[in-house]
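Since the structure of chain V is provided, determine the placement of chain L on it from the hints.
Quick mapping for you: the protein sequence lines, in order, are chains V and L.
If you want this note's numbering, it's the position in the first sequence, counting the first as 1, plus 1047.
If you want this note's numbering, it's the position in the second sequence, counting the first as 1, plus 162.
You may find that some hints are simply not true.
As the list claims (entries may be wrong) - Label pairs and their in silico Cβ distance ranges:
| no. | chain 1 | residue 1 | chain 2 | residue 2 | range |
| --- | --- | --- | --- | --- | --- |
| 1 | L | 248 | V | 1105 | 21 to 27 Å |
| 2 | L | 257 | V | 1134 | 19 to 25 Å |
| 3 | V | 1152 | L | 256 | 28 to 34 Å |
| 4 | L | 241 | V | 1259 | 36 to 42 Å |
Don't read these hints as lab results, they were simulated from the structure.
Using N, Cα and C, we set each Cβ at its ideal position, and we do this for glycine too.
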Amino acid sequence: MKVLYLEDVLEQAEIVETFLELVGGMHQMTHAETFAETRAKLKEERFDVALLDMEVPDGSGVDLVTQVRELAPAMPIVVLTASESPKLGVACLQAGAQDFLSKRELTPERLKKSLLYAVMRSESEGPDLDRILSRVSSLHDGSYAELSERSVSRYKDILGNPKLLFTVEHWTLSQALANEGATSEQVLALHAHSLSELCKELDRGRMNHLLATSELVALATVAFMADKYRESAVLTKSS
Amino acid sequence: MNECPYLQPYEDLVKKFGGSEALVAKIANTLLASWGADYKEFADNLRAGNGEEAARKLHRVKGAVGYFVTDELHQQIIEVETLAKEGRLEEARQQEPGLLGSLERFDNALRAAIER
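If we strip away everything but chain L, and leave its shape as in the complex, we get:
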């Protein structure tokens, strides 16, 4: 059992991937190694005022973590992605720290789940 509201229950994930814990770990390690760099580019572009590019980078993050996140975090990402795409950058900037916090909690919970 994991208690993070942003990570799908580990048992469900294993079931989803054909009962293979090794596959869950492999996919998890792949995305854990990649989402941070895309997120950084998203945040840099958002700060620099490049809404479209920021949205594109966040879309990549969404694709990477999508296998494991709960609906709650998925919606949070979509919301900020939409704001960036629509050029509502100030609103996106306000939400960005909260999103990063959620993603970090998700990241920690996923690491803990696969290390167990």
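Excised from the complex, chain V in its bound form:
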């Protein structure tokens, strides 16, 4: 198992290396002292799992987990820190880490199990992803093609960019779809089509992230359009 360990204290890295040697299991540790070094090593090589300290000279805290996750979305992460704060542990897991270990409770056996379970947990996310993608394909019936090209391409742009979701850009597109008279089936097909297109461009880690939020995007779009249709029905009735 190839382990990338981000730790700025050399002595700590030596201790962890000793632990890994002791438990065997063909562990091969690569040590990085800074986030910049981590980034460089991830560009050169693929690792089975990353072990992260949370206080290094060029990065700290949960942001570090997020940044490493962005560099290698499919690589499992185990946080190893001097802190024992449960709040910090939860925040790390929410940011995408598979486990959170306190240096104080670290033993060779615990380290071995944590790394192994992190890899297994990450691998087990695979089949679910395939099932969701096949469900998405079955929803994609081609009816979205009756919508304007601009709306089709804009929907994919917005779905693929987390910064645009649930912003004025998103609501403007929902308004445009309502103006076109799009049906909920067409929006669902458009959503499935955009999702399949985006998944071709993304790796597994990013796909997982996108799939986790995408249902809410479709729901928000259809709900916005439903409001617009209701408003226009009320106006028609009153005139």
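The following block gives chain L in isolation, referenced to the frame of chain V:
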């Protein structure tokens, strides 16, 4: 048996590290050689009024000695680290000599335990 309130019982440590006294000694020697320098930087930064940097250095000390210290000393370190991080430097300065004393007792007890 050791009587220092800041060092976990030696037998427990050996058990924790898979029954290997050699591993306990190796880790102990690594941390005994390193915590002092980080502590000095912590104390210097605290005196100079750099709370965040002082907290960062003490966090390193906490990570290094964490394998062996008791809850009591661990809490003592966390308390001073928090004061430094929150910028309550005067309170941190007042507690610093006591913390150093505890760490020195821990250091002596650990040296004695692995030399036995």
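A quick look at each hint next to the structure:
1. At roughly 23 Å, the beta-carbon separation of residue 248 of chain L and residue 1105 of chain V lies within the given 21 to 27 Å, and the hint holds.
2. Between residue 257 of chain L and residue 1134 of chain V the CB atoms are about 24 Å apart, so this pair conforms to the stated range of 19 to 25 Å.
3. Between residue 1152 of chain V and residue 256 of chain L the beta carbons are some 30 Å apart, a value that agrees with the proposed interval 28 to 34 Å.
4. Here the CB-CB span from residue 241 of chain L to residue 1259 of chain V is close to 39 Å, well matched to the stated 36 to 42 Å.
Violated hints: none; the structure is consistent with every hint.
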